[in-house]
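Q: Under this note's numbering, the first residue of the sequence shown is numbered 490, with each subsequent residue one higher.
The following label-pair restraints were derived from C-beta to C-beta distances:
| no. | residue 1 | residue 2 | range |
| --- | --- | --- | --- |
| 1 | 590 | 661 | 28 to 36 Å |
| 2 | 670 | 590 | 33 to 41 Å |
| 3 | 655 | 512 | 50 to 58 Å |
| 4 | 620 | 592 | 31 to 39 Å |
| 5 | 666 | 503 | 54 to 62 Å |
| 6 | 510 | 540 | 43 to 51 Å |
| 7 | 516 | 579 | 54 to 62 Å |
| 8 | 510 | 647 | 40 to 48 Å |
| 9 | 509 | 542 | 51 to 59 Å |
| 10 | 503 | 539 | 46 to 54 Å |
| 11 | 627 | 551 | 16 to 24 Å |
| 12 | 655 | 507 | 49 to 57 Å |
| 13 | 514 | 643 | 31 to 39 Å |
Derived DSS-like pairs: lysine-lysine, alpha-carbon spacing no greater than 27 Å straight-line:
| no. | residue 1 | residue 2 |
| --- | --- | --- |
| 14 | 596 | 572 |
| 15 | 650 | 666 |
| 16 | 662 | 644 |
| 17 | 650 | 662 |
| 18 | 673 | 661 |
| 19 | 572 | 541 |
| 20 | 666 | 541 |
| 21 | 662 | 541 |
| 22 | 580 | 666 |
| 23 | 661 | 650 |
| 24 | 666 | 644 |
| 25 | 580 | 541 |
| 26 | 596 | 580 |
The hints are simulated quantities; they were obtained by calculation from the structure and are not laboratory data.
Ideal Cβ placement from N, Cα and C applies to all residues, glycine included.
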Amino acid sequence: MLLITKSPNPQITIFHQIHKIIRTMKKLIFLLLPAFSLFAACAGAQQPNLGKVVDGYLVNVDEQGVILQGQDPVSLREGNSTKGNAQFQTKHNGAIYYFANAENKAKFDANPTFYEPEYGGYCAYGVSVGHLAPIELWTYDTTYQGRNIYQHNQKAVNGWKKDVPGNDALAKKEWAKFQEKYVKKG
Numbered sequence: 490m491l492l493i494t495k496s497p498n499p500q501i502t503i504f505h506q507i508h509k510i511i512r513t514m515k516k517l518i519f520l521l522l523p524a525f526s527l528f529a530a531c532a533g534a535q536q537p538n539l540g541k542v543v544d545g546y547l548v549n550v551d552e553q554g555v556i557l558q559g560q561d562p563v564s565l566r567e568g569n570s571t572k573g574n575a576q577f578q579t580k581h582n583g584a585i586y587y588f589a590n591a592e593n594k595a596k597f598d599a600n601p602t603f604y605e606p607e608y609g610g611y612c613a614y615g616v617s618v619g620h621l622a623p624i625e626l627w628t629y630d631t632t633y634q635g636r637n638i639y640q641h642n643q644k645a646v647n648g649w650k651k652d653v654p655g656n657d658a659l660a661k662k663e664w665a666k667f668q669e670k671y672v673k674k675g
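Make a model of the complete structure from these sequences and hints.
A: Next comes the structure, spelled out in structure tokens:
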């Protein structure tokens, strides 16, 4: 707020007030700049390979093309989280899957759609609201139509559970748009 006071030289008073405002703004910028930089870095770090198309499929894979953070999808489906082994791997719909053993690989190969994650391994709630987001394996859920649904975090889990059928319908619509945007353009 600029106050004009009567003084022997009003121009000096205005100059001092403007100078004071500029100093305050500079301090504020220097305080907020590191916070904005940290936010930008974290936001970028959370979204590796989003929108990656492999062999004509939109999939949430790492730099080596491995899905589900290398966890065995058969073990996940059975309620365990077991790290897969590159010795036992298969490629399905653009993603490389690792398995803990040959038996689990054989189960997957016999019925891959039973074990593969929905929406290319992206967060189902994120897809339903038009965003591709990475997943956390602890969010795994097969209670809706026996499908393998993953979410990004607890907030996404809660959002999804508010209206599972409605969110799934939205996710299917949005997934088709992502296919159009990423796969058909590619």
